[in-house]
Structures are given as C-alpha cells and as structure tokens.
Amino acid sequence: MQMTQTHEIMDVCLLAGKIMLENGAETYRVEDTMARLAASYGINDAQSYVTPTGIIFSVDGLTPTKLIRISERTNNLDKVATVNSISRKASEGCLSIKEASRELKGAEKLGHATPIPLQIAAAAIASGCFLIMFQGGWGDFIPAFISGGLGFAGMIYFHHFVKIKFFAELLASFIIGLTAFLMVSIGIGSELDKIIIGSVMPLVPGVVITNAVRDLMAGHLVSGLSKGAEALITAFAIGTGIAVVFAIY
Amino acid sequence: MVLLEQAVTSFIASAAFGVLFNVPRRSLLPCGFVGMLGWLVYFELNNVEFDSVVATLVAAFVIAAISHMFAKRYKLPIIIFSVAGIIPLVPGGLAFNAMKHFVQNDYNAALEMAAKAFMISGAIAVGLVLSEVINHVLRNMKKV
Numbered sequence: 001m002q003m004t005q006t007h008e009i010m011d012v013c014l015l016a017g018k019i020m021l022e023n024g025a026e027t028y029r030v031e032d033t034m035a036r037l038a039a040s041y042g043i044n045d046a047q048s049y050v051t052p053t054g055i056i057f058s059v060d061g062l063t064p065t066k067l068i069r070i071s072e073r074t075n076n077l078d079k080v081a082t083v084n085s086i087s088r089k090a091s092e093g094c095l096s097i098k099e100a101s102r103e104l105k106g107a108e109k110l111g112h113a114t115p116i117p118l119q120i121a122a123a124a125i126a127s128g129c130f131l132i133m134f135q136g137g138w139g140d141f142i143p144a145f146i147s148g149g150l151g152f153a154g155m156i157y158f159h160h161f162v163k164i165k166f167f168a169e170l171l172a173s174f175i176i177g178l179t180a181f182l183m184v185s186i187g188i189g190s191e192l193d194k195i196i197i198g199s200v201m202p203l204v205p206g207v208v209i210t211n212a213v214r215d216l217m218a219g220h221l222v223s224g225l226s227k228g229a230e231a232l233i234t235a236f237a238i239g240t241g242i243a244v245v246f247a248i249y
Numbered sequence: 001m002v003l004l005e006q007a008v009t010s011f012i013a014s015a016a017f018g019v020l021f022n023v024p025r026r027s028l029l030p031c032g033f034v035g036m037l038g039w040l041v042y043f044e045l046n047n048v049e050f051d052s053v054v055a056t057l058v059a060a061f062v063i064a065a066i067s068h069m070f071a072k073r074y075k076l077p078i079i080i081f082s083v084a085g086i087i088p089l090v091p092g093g094l095a096f097n098a099m100k101h102f103v104q105n106d107y108n109a110a111l112e113m114a115a116k117a118f119m120i121s122g123a124i125a126v127g128l129v130l131s132e133v134i135n136h137v138l139r140n141m142k143k144v
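Chains as they are written, first to last, in full-length UniProt numbering: chain A, 1 to 249; chain B, 1 to 144.
It is worth saying that the hints were derived from the structure and are not from the lab.
Every value quoted in this text rests on a predicted model; they were computed, and no experiment measured them.
C-beta atoms are modelled at their ideal positions from N, C-alpha and C, and glycine is treated no differently.
Any given hint could turn out to be false.
What the hints assert, rightly or not - Using C-beta positions, here's what the derived DEER-type ranges look like: (1) A:K89 x B:N108: 56 to 62 Å; (2) B:M119 x A:Y249: 28 to 34 Å; (3) A:K66 x B:K72: 20 to 26 Å; (4) B:E49 x A:G93: 54 to 60 Å; (5) B:I134 x A:S85: 24 to 30 Å; (6) B:R139 x A:F167: 43 to 49 Å; (7) B:N140 x A:Y49: 26 to 32 Å; (8) A:A39 x B:V137: 24 to 30 Å.
Make the full structure from the sequences, and use the hints.
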C-alpha cells in the first residue's frame with residue numbers, strides 16, 4: 001500500500017474518531033469505529049488509544065503515529081449517528097476513501113441542529129415534567145418551568161463567556177435556586193425543594209454518567225475514571241450552586 | 001389517573017432531553033417511549049414497596065433492553081436511546097437533599113442520603129451492563 005494512501009486512511013479514521021468523541025460517544029465505540037473504518041480500507045492491524053482528551057492512532061511501524069487533542073466535549077448525538085452511518089457504509093464497501101473524507105468533513109461542520117431558544121424551551125418543559133414525576137403539584141409546574149428555563153439559558157450564556165464548564169454550571173444552578181426561592185417567597189410556588197430538583201435535572205450529566213459506566217465495564221479504565229470525574233465535578237457544581245442559595249437564606 | 005399523568009410527563013421529559021442532546025429527529029418519539037417505559041417500571045415497583053435501588057436496577061435493565069431493540073431497528077447507536085431513558089432515574093432529588101443537609105450541618109442525614117444516591121447510581125450502571133451481558137450471551141449462543 002502506498003504511503004500517501006495510508007496517510008489518507010489514517011486521517012479519515014482520526015477525523016471520524018474526533019467527531020464522535022467531541023459529541024458524546026462512548027470511548028469503546030470510538031475505538032471500534034476507527035478500527036472498522038481502517039479495516040474497510042484494508043488496514044487490519046490498526047491500533048488506537050482513546051481517552052476523553054485525546055486520540056492516539058497508529059497503523060504499522062512505517063507511518064508515523066498520529067495524535068489528536070480533544071479540548072471540548074458536548075452532547076450532539078446526531079453527529080455521532082451520522083459518523084456511525086458513514087462508517088457503516090464504508091464497511092459495506094460502497095464508499096471510497098475520498099468520499100468518506102468528504103462526508104466526514106461535512107459532518108464535522110454540522111452545527112447543533114436545535115436552535116438555542118428551542119433548547120431552552122425543551123429544558124424548561126423537561127423541568128416542569130420532572131416536577132410532576134417527582135410528585136410535585138401542578139401548581140408548581142410554572143415555577144419549575146421558569147427556573148429550569150432560566151437556569152439552562154444561564155448555563156449556555158455563561159459558557160459562552162467563561163470557557164470553564166464548572167463555573168457555568170455553578171452559576172446556572174445558583175440562578176435556579178435563586179429564582180425558585182424568590183418565586184416561593186412571593187407565593188407563586190409552594191414546594192421549594194421539588195421546584196429546585198425538577199429544574200436542575202436538565203443540567204444533570206446523564207450522558208457522561210452512562211458513558212463512564214459503559215467504558216469502565218468495557219475495560220477502558222482510564223476513560224471511565226476520567227469521565228466519572230467529569231460527572232462528579234458537574235454534580236458538585238450543581239450542588240454548590242444550590243447550597244449557596246440555601247446558605248444565604 | 002396518576003399513572004397516566006406520570007406516563008405523559010415522563011414521555012415529554014425524555015423526548016425533551018432528546019432535543020437537548022440533539023438526537024436525530026426520527027428517534028425522538030422512540031426516545032420518549034424508552035423514557036416513559038423505564039419510568040413507569042420504576043414508579044410502579046416503587047409503589048408496591050420495593051426498595052428504590054431494586055426498582056432502579058430493574059428499570060435500567062428494561063431501558064437498556066428496549067434501547068437495544070430500537071438501536072437495531074433504527075440502525076442508530078444505542079446510546080441515543082439509553083441516555084434519554086436513564087435521565088429520569090438519576091437520583092437528582094436524593095443528591096439534592098444530601099447537599100441540603102450537608103449545608104445545614106446535618107452530616108448524619110446527609111451521609112445517609114449520599115450513600116443511597118450512590119447505591120442508586122450503581123444500580124443504574126449494573127442494570128445497563130446486565131442487559132448488555134445477557135444480550136451478548138444470547139447472541140453468542142445463537143452462533144454456536
């Protein structure tokens with residue numbers, strides 16, 4: 001196999017891995033997809049080492065090993081699904097390396113398909129529904145709706161300015177606690193605890209927790225532990241934000 | 001009536017989470033369905049006096065099993081379905097109460113609740129993995 005072609009295949013595999021990892025796929029799925037992609041273009045002994053913060057990929061002793069740094073991770077499962085279907089097509093043999101590269105580059109450019117106002121609306125609705133699920137009264141639906149929406153909007157807004165997720169989450173949960181407390185004290189809501197619990201649910205790191213467990217069980221100890229730490233930090237941020245509100249009043 | 005209320009709200013909440021995680025549009029309704037089913041299993045088991053850890057374990061198992069079916073049918077990664085289903089089971093309320101007691105210097109109650117929240121998180125994990133393991137065993141048995 002020619003050197004240039006090997007390089008091309010490596011680039012395609014790395015790009016696929018990068019997109020998946022940045023958008024919330026499990027580590028073992030990233031490794032699996034990269035190996036499959038490589039195999040479908042004739043490289044059977046590809047080695048990859050994937051952690052939440054970087055990918056190391058090597059095909060044989062001849063070409064240099066490549067490394068990609070992952071600095072930001074979000075949840076955009078649509079992109080994961082897109083890459084998944086590209087790799088599926090590739091392993092069926094109906095996608096040339098050039099086409100795969102082009103499609104992946106297209107997938108990388110896709111933004112978050114849901115516009116931000118819709119995301120905030122979804123978070124607000126989810127907060128209200130969680131309140132009912134946790135046995136709250138319908139009278140508290142609107143307060144949970146408002147504080148959940150405000151909290152989520154706050155997180156998106158702060159994350160835009162402060163690139164540290166911890167502070168964005170802390171501030172968001174502080175907003176939630178504060179609005180819930182204000183609404184209860186002026187008599188719009190009745191059960192403060194339930195309103196807060198319902199409203200913080202959209203901030204809960206669900207994808208990270210599930211991925212952490214799946215990775216740990218699949219034997220990806222480093223990834224599992226670091227994702228577990230990520231989830232723990234988020235949970236801690238949410239807890240701290242709420243705790244500050246409680247400490248004030 | 002209570003059950004209907006729970007079914008509707010859990011369906012909407014799970015689908016809304018699908019929107020937040022930007023799942024492909026065609027999988028939104030299945031996401032809501034997985035979440036609803038998981039929550040109803042949890043809710044009913046909790047109602048008939050099962051411990052919430054056991055209820056969570058069973059619900060997580062059901063969610064993973066159904067997610068697997070959907071993943072095959074829609075040819076999408078399983079995580080799309082299981083994540084939406086798992087969210088309602090995450091012990092947010094317990095963790096919140098634990099935090100609240102910590103702040104109020106009531107460490108005994110706080111530790112008790114934190115331990116319970118930890119147990120429930122573990123139950124979610126075990127439920128998910130158990131379902132996957134059984135699925136693997138079944139697939140391998142078919143091959144033999």
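Now for the hints, and whether the structure bears them out:
no.: 1; hint: A:K89 x B:N108: 56 to 62 Å; in the structure: 58 Å, holds
no.: 2; hint: B:M119 x A:Y249: 28 to 34 Å; in the structure: 30 Å, holds
no.: 3; hint: A:K66 x B:K72: 20 to 26 Å; in the structure: 33 Å, violated
no.: 4; hint: B:E49 x A:G93: 54 to 60 Å; in the structure: 56 Å, holds
no.: 5; hint: B:I134 x A:S85: 24 to 30 Å; in the structure: 27 Å, holds
no.: 6; hint: B:R139 x A:F167: 43 to 49 Å; in the structure: 45 Å, holds
no.: 7; hint: B:N140 x A:Y49: 26 to 32 Å; in the structure: 27 Å, holds
no.: 8; hint: A:A39 x B:V137: 24 to 30 Å; in the structure: 25 Å, holds
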